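Enquirer: Next come the chains, spelled out residue by residue.
Number of protein chains: 4
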Amino acid sequence: MEKIIKAGIIGGSGFTGLELIKILSMHKYVKFNFVTSRTYKNQAVSEVFPSYQDRNNEKLIFVEKPDESNLNEVDIIFLCLPPHKSMEYLMDIYNFINFKIIDVGSDFRLKDPEDYRYWYGIDHVMKDRLSEFVYGLPEINKEEIKKSNYIANPGCYPTSVLLGLAPVLKGGVDIENIYIDSKSGITGAGRKYAEKYLFTNTENNFYAYSTSGHRHTGEIEQEIKNMSGKELKIVFTPHLLPLSRGIFTSIYCKVKKSKKNSCAKEKIYILFKEFCEGLPFVKFTGNEIPQLKDVIGTNMCMVGFNFDERTETLKIFSAIDNLVKGAAGQAVQNMNLMMGFNEEEGLNLNGLFS
Amino acid sequence: MEKIIKAGIIGGSGFTGLELIKILSMHKYVKFNFVTSRTYKNQAVSEVFPSYQDRNNEKLIFVEKPDESNLNEVDIIFLCLPPHKSMEYLMDIYNFINFKIIDVGSDFRLKDPEDYRYWYGIDHVMKDRLSEFVYGLPEINKEEIKKSNYIANPGCYPTSVLLGLAPVLKGGVDIENIYIDSKSGITGAGRKYAEKYLFTNTENNFYAYSTSGHRHTGEIEQEIKNMSGKELKIVFTPHLLPLSRGIFTSIYCKVKKSKKNSCAKEKIYILFKEFCEGLPFVKFTGNEIPQLKDVIGTNMCMVGFNFDERTETLKIFSAIDNLVKGAAGQAVQNMNLMMGFNEEEGLNLNGLFS
Amino acid sequence: MEKIIKAGIIGGSGFTGLELIKILSMHKYVKFNFVTSRTYKNQAVSEVFPSYQDRNNEKLIFVEKPDESNLNEVDIIFLCLPPHKSMEYLMDIYNFINFKIIDVGSDFRLKDPEDYRYWYGIDHVMKDRLSEFVYGLPEINKEEIKKSNYIANPGCYPTSVLLGLAPVLKGGVDIENIYIDSKSGITGAGRKYAEKYLFTNTENNFYAYSTSGHRHTGEIEQEIKNMSGKELKIVFTPHLLPLSRGIFTSIYCKVKKSKKNSCAKEKIYILFKEFCEGLPFVKFTGNEIPQLKDVIGTNMCMVGFNFDERTETLKIFSAIDNLVKGAAGQAVQNMNLMMGFNEEEGLNLNGLFS
Amino acid sequence: MEKIIKAGIIGGSGFTGLELIKILSMHKYVKFNFVTSRTYKNQAVSEVFPSYQDRNNEKLIFVEKPDESNLNEVDIIFLCLPPHKSMEYLMDIYNFINFKIIDVGSDFRLKDPEDYRYWYGIDHVMKDRLSEFVYGLPEINKEEIKKSNYIANPGCYPTSVLLGLAPVLKGGVDIENIYIDSKSGITGAGRKYAEKYLFTNTENNFYAYSTSGHRHTGEIEQEIKNMSGKELKIVFTPHLLPLSRGIFTSIYCKVKKSKKNSCAKEKIYILFKEFCEGLPFVKFTGNEIPQLKDVIGTNMCMVGFNFDERTETLKIFSAIDNLVKGAAGQAVQNMNLMMGFNEEEGLNLNGLFS
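Residue numbers (my numbering), protein chains in the order written: chain B, 1 to 354; chain Y, 1 to 354; chain C, 1 to 354; chain A, 1 to 354.
Think of the hints as simulated: they come from the structure by calculation, not from any bench. Any given hint could turn out to be false.
To be verified - Once the Cα atoms are required to be at most 30 Å apart in a straight line, the calculated DSS-like pairs of lysine-lysine come out as: (1) B/K59 to C/K196; (2) B/K65 to C/K196; (3) B/K233 to A/K265; (4) A/K100 to A/K147; (5) C/K196 to B/K85.
What the hints assert, rightly or not - To spell it out: a stretch of chain B is covered by chain Y in this simulated footprint if at least three of its residues, at any positions, have a beta carbon under 8 Å from a beta carbon of chain Y; those stretches are: (6) 19–30; (7) 48–61.
Quick caveat, the model's predicted, so the values are computed rather than measured. Every residue gets a Cβ at the ideal spot worked out from N, C-alpha and C, and that includes glycine.
Can you make the complete structure from the sequences, with help from the hints?
Expert: As structure tokens, this is what we get:
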């Protein structure tokens with residue numbers, strides 16, 4: 001007999017929460033226990049967001065918040081909340097928790113409370129619990145994730161960066177400096193009614209933002225250290241693309257000259273190939289550069305590279321859908337691992353464009 | 001035990017063929033027997049079109065054409081070919097066929113060979129077989145489809161038009177004139193390397209085409225007659241939208257004044273509601289007008305209407321994804337009915353935009 | 001010696017007001033006396049909207065409102081205000097006016113106060129002055145405009161519709177019914193921070209709105225009567241395109257059968273050709289349908305047609321930039337005529353796309 | 001009395017040639033002597049490209065090539081040709097030239113024939129003439145341009161890069177490494193009918209190209225040396241944006257630590273401010289990052305910067321319209337300087353988006 005689990009979603013009407021609803025609705029082994037939305041409470045998901053299709057003539061209804069019986073029944077809860085809100089929510093209920101948690105938000109990613117204060121501007125309110133949340137990048141931490149009850153789901157930019165860097169950092173390539181230029185679709189900013197997210201301000205437009213330091217920088221540096229054992233300060237700059245979904249990241253690595261690096265291009269090729277082998281959601285495209293359209297709507301991260309001999313510079317390029325592999329899809333991938341399902345369950349999604 | 005059928009696709013690298021591959025790859029009860037492409041023969045689908053995700057580490061490979069054993073084994077074949085090519089293909093093999101056929105192309109939709117010659121400019125080469133192909137609009141011909149071995153899958157524009165008109169035509173509303181203004185995404189034109197399909201000629205652009213008479217006019221008039229019993233000449237004009245996928249159709253019907261039509265708005269509301277009840281892939285939005293983004297990537301047709309009392313004009317609006325409900329999704333819906341599967345099997349697709 | 005006039009703009013920070021600033025800034029014979037904006041008062045236009053280029057190192061500054069000396073000096077004032085606001089503004093100052101006025105808004109277009117109440121929902125507050133405002137469609141009312149001090153600048157949709165219909169209505173073609181399907185870019189809705197104008201709600205989207213009756217219907221019917229002498233009720237439906245600028249209008253006219261209409265296509269061709277001859281801002285494209293991209297950024301209206309013999313239906317297609325020929329450009333064209341300048345002065349704008 | 005010059009364009013139907021036609025058509029002191037196009041010879045520019053507006057009812061006609069009398073009469077010729085074609089063209093006629101030349105193509109930018117061979121793959125055929133062509137970046141070489149008869153118009157990417165780097169390179173900031181990540185609209189690739197330029201391959205897409213070394217790298221390094229006196233190898237990577245026009249460039253400079261660099265941010269601010277002062281076509285936006293939409297359709301380069309103290313990295317961001325400041329507009333700016341016109345003549349173009 002098949003195991004069906006009960007899932008709850010806190011914050012189901014943002015871009016990430018809705019994407020999670022859509023993915024989970026097609027998962028063979030998941031049933032919704034509750035999905036919350038303050039704005040749309042008591043309304044059907046499919047009425048508010050008609051791109052969501054009801055299943056079996058059952059309307060999924062947003063509730064304001066789970067009641068006690070929900071919290072008793074549920075096997076796993078996904079938190080899709082803005083910065084600071086996940087820890088506030090968990091503070092209240094933490095002692096009564098019988099379920100697994102995946103925080104799709106940003107509160108439990110940084111393990112050092114000082115880092116949290118530096119990048120998020122306030123004190124963390126659950127400092128002593130930070131270490132209980134495993135950083136949920138399955139391609140790096142699969143075994144830990146399987147054993148964990150609490151997951152901090154990685155940020156969208158860090159996912160695109162770390163999956164590009166992992167092969168060379170874990171492979172021991174000696175890198176001096178890392179310059180990261182990321183470009184994201186508008187959904188990365190959340191559903192906000194501000195001038196800059198209007199169609200007329202986005203179409204035919206492109207620009208950099210948070211140029212003095214984006215919060216995801218700290219998360220990337222923490223995980224670089226975990227992968228390579230070295231402290232490396234990176235330069236990270238996000239930009240806004242005139243499209244809805246997707247992140248394309250260009251990474252420039254100054255490689256230290258050494259005997260080890262002769263034939264760098266071939267060696268790096270092998271490192272990428274070996275790292276990606278067997279990973280269902282990372283596809284190595286070699287020296288062909290991945291295209292953003294190919295990953296939109298999928299849980300795939302595509303990674304390619306080139307090596308500029310003139311400047312001893314390794315160029316790595318990665319592409320993901322920020323709402324899938326960069327958020328909701330990765331959360332489901334983590335859930336699959338935690339629950340003992342096949343890692344790919346419910347995530348064999350084809351892209352829409354070709 | 002579950003029944004697994006073997007499917008073949010002739011013409012798998014066009015927009016429609018690829019979409020069919022993507023949808024069938026997620027269908028519980030279908031296995032590919034073969035998928036053809038002359039241009040990409042012997043290449044993996046996922047290499048040519050990286051937005052397609054291989055399943056279970058099995059690469060699906062394009063073949064030039066099916067061999068005899070394929071044709072012996074296969075349960076159903078989908079033809080995704082340009083005008084005239086389906087009948088040419090079937091001419092050669094027709095007498096040996098043991099499988100069901102869904103022609104996603106346009107060769108078997110018009111039942112009168114004179115109509116075919118008028119709208120397609122050449123003589124039909126399988127005139128005596130035209131009647132064997134059931135017009136595959138499940139919302140109208142469900143029972144016939146279930147019993148049929150051969151299906152002519154409707155055109156994208158006709159699907160959007162007929163599902164909008166069916167409630168009132170079948171409901172007996174007396175209509176004098178019908179003006180249809182359809183707007184389609186670029187994929188409707190197929191994958192062609194012509195100036196007009198370049199990004200620079202499409203972005204920030206919009207225009208009408210085939211204004212002296214589009215081929216789908218004949219198909220629409222044929223089915224209007226089938227639904228209403230009346231011959232009605234329609235005015236149909238297609239336009240190109242600056243987006244990839246989707247058709248939005250606006251239909252203006254001059255309603256004959258009569259006692260029957262008093263309280264027209266309310267009566268028409270009821271006709272729509274009753275028609276759509278129980279249909280898994282037609283959603284009635286009332287006087288709220290459907291939005292194209294809500295159906296992109298789904299097999300849903302959304303239909304809304306308004307009644308302009310000043311001019312006794314009924315305005316009907318429908319939205320579909322031209323590649324799904326307008327082509328590949330509808331073909332799978334027909335296959336489900338022919339094969340005795342649940343009509344919705346493999347088609348509960350959520351949209352990508354919200 | 002050349003005559004330089006002084007112009008003032010009330011409402012310079014909306015899409016139309018800003019477009020007017022941009023066009024007038026390149027006009028040889030115009031100097032700004034003042035440009036108002038409540039939101040951005042005391043800020044430079046080029047700081048708020050960097051796409052505006054300052055001239056001769058002089059910064060144009062938004063003021064909250066003109067002072068008395070401005071109103072004494074100015075030769076012409078453009079009102080770029082939302083519905084009801086133009087008449088409220090003029091009520092206060094009307095008796096002291098020494099300058100010409102072009103109301104780019106909608107308050108003085110409808111000449112019958114009953115029509116105004118029907119379509120705009122409130123009573124007009126300057127009923128007795130309505131007749132003093134000439135309807136500023138230069139292709140129809142050129143001589144009246146030249147002699148006028150007050151102009152009601154046509155709406156964007158009516159401009160696209162009336163320039164398409166004028167050749168046949170003035171040419172005496174007998175038309176029974178008119179169905180108008182217009183598609184507009186997002187700037188037509190004004191600069192509003194609402195969900196439906198977000199990039200994510202507009203990209204990959206298309207839909208009809210105001211389907212029970214859009215205000216511009218009354219304006220179109222009024223001018224159809226002025227051109228043809230007949231009262232005709234039209235069916236008009238606007239739609240939103242996923243692009244910033246431009247209106248494409250499709251008009252379907254049921255032509256009355258009569259001896260006069262034999263050889264309809266040729267006769268209509270001649271009517272269009274003769275009407276457009278000598279008009280600097282209407283270009284007849286024959287049976288080639290105009291493309292929206294060709295008019296974006298220009299003051300041109302492109303018009304083409306086809307005649308469907310099967311249904312005795314005349315199809316007319318027109319394309320304009322809603323912010324130029326549909327608003328600010330047409331206002332400048334009217335100013336040129338009122339001031340005795342060359343009609344084309346400052347309006348020989350090339351489009352950006354090709 | 002005003003001086004009117006006669007201009008000829010070789011290659012008028014590409015994106016750059018057409019843009020040049022559009023800009024020159026609005027220039028007070030320029031008359032066309034001839035405009036060539038092999039593809040469209042004997043056709044009117046406004047028929048082939050309806051976004052171009054004829055002036056004074058005179059149709060500008062494409063000719064196949066200039067005849068002798070043209071070459072005798074003309075004051076200046078613009079070459080808008082693909083790589084290698086400018087030098088081939090000039091080889092034939094060079095000895096008979098009485099006119100000024102602006103090569104908008106790439107043949108005369110690199111001054112060292114070895115560099116030309118390295119980056120363009122063939123031998124230069126007019127090596128001894130390379131030094132006669134002044135590198136036409138007016139913000140750097142204004143005085144030389146004024147005295148020159150022959151101009152090599154800079155590439156689009158180099159323009160965006162060099163105007164960003166000039167303030168700090170000329171200001172003596174000590175820079176170790178430069179990483180340049182440029183993003184360009186599709187028109188940068190020229191008007192080609194290839195799969196990758198189709199709408200369906202560009203919309204919802206983004207990717208890097210020429211990752212092993214783009215030709216513009218050599219041009220950028222040459223001019224960095226001219227400005228700073230130092231040989232610096234740069235890392236340059238171009239990307240394709242899903243829009244028609246515009247380049248956004250992000251430059252990351254590792255600044256050498258030194259006492260001179262304390263308070264780096266303030267010092268750099270002053271360098272930018274001083275460099276841009278008085279330049280009509282470079283606008284310094286401070287720590288506000290420029291947005292691409294603000295320069296589309298204009299001859300403006302907008303430049304902003306930030307300084308990341310954590311990593312001693314200077315981030316510079318620039319935005320241009322690749323067809324204007326990156327090609328045709330800059331060519332007209334050079335022409336203005338060579339001919340003694342006001343540098344801004346005909347170039348005070350407002351942008352279309354806001």
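Enquirer: For every hint, state whether the structure bears it out.
Expert: Do the hints match the structure? See the list:
no.	hint	in the structure
1	B/K59 to C/K196	24 Å, holds
2	B/K65 to C/K196	27 Å, holds
3	B/K233 to A/K265	19 Å, holds
4	A/K100 to A/K147	11 Å, holds
5	C/K196 to B/K85	27 Å, holds
6	19–30	holds (count 3)
7	48–61	holds (count 6)
In summary, the structure agrees with every hint in the numbered list given earlier.
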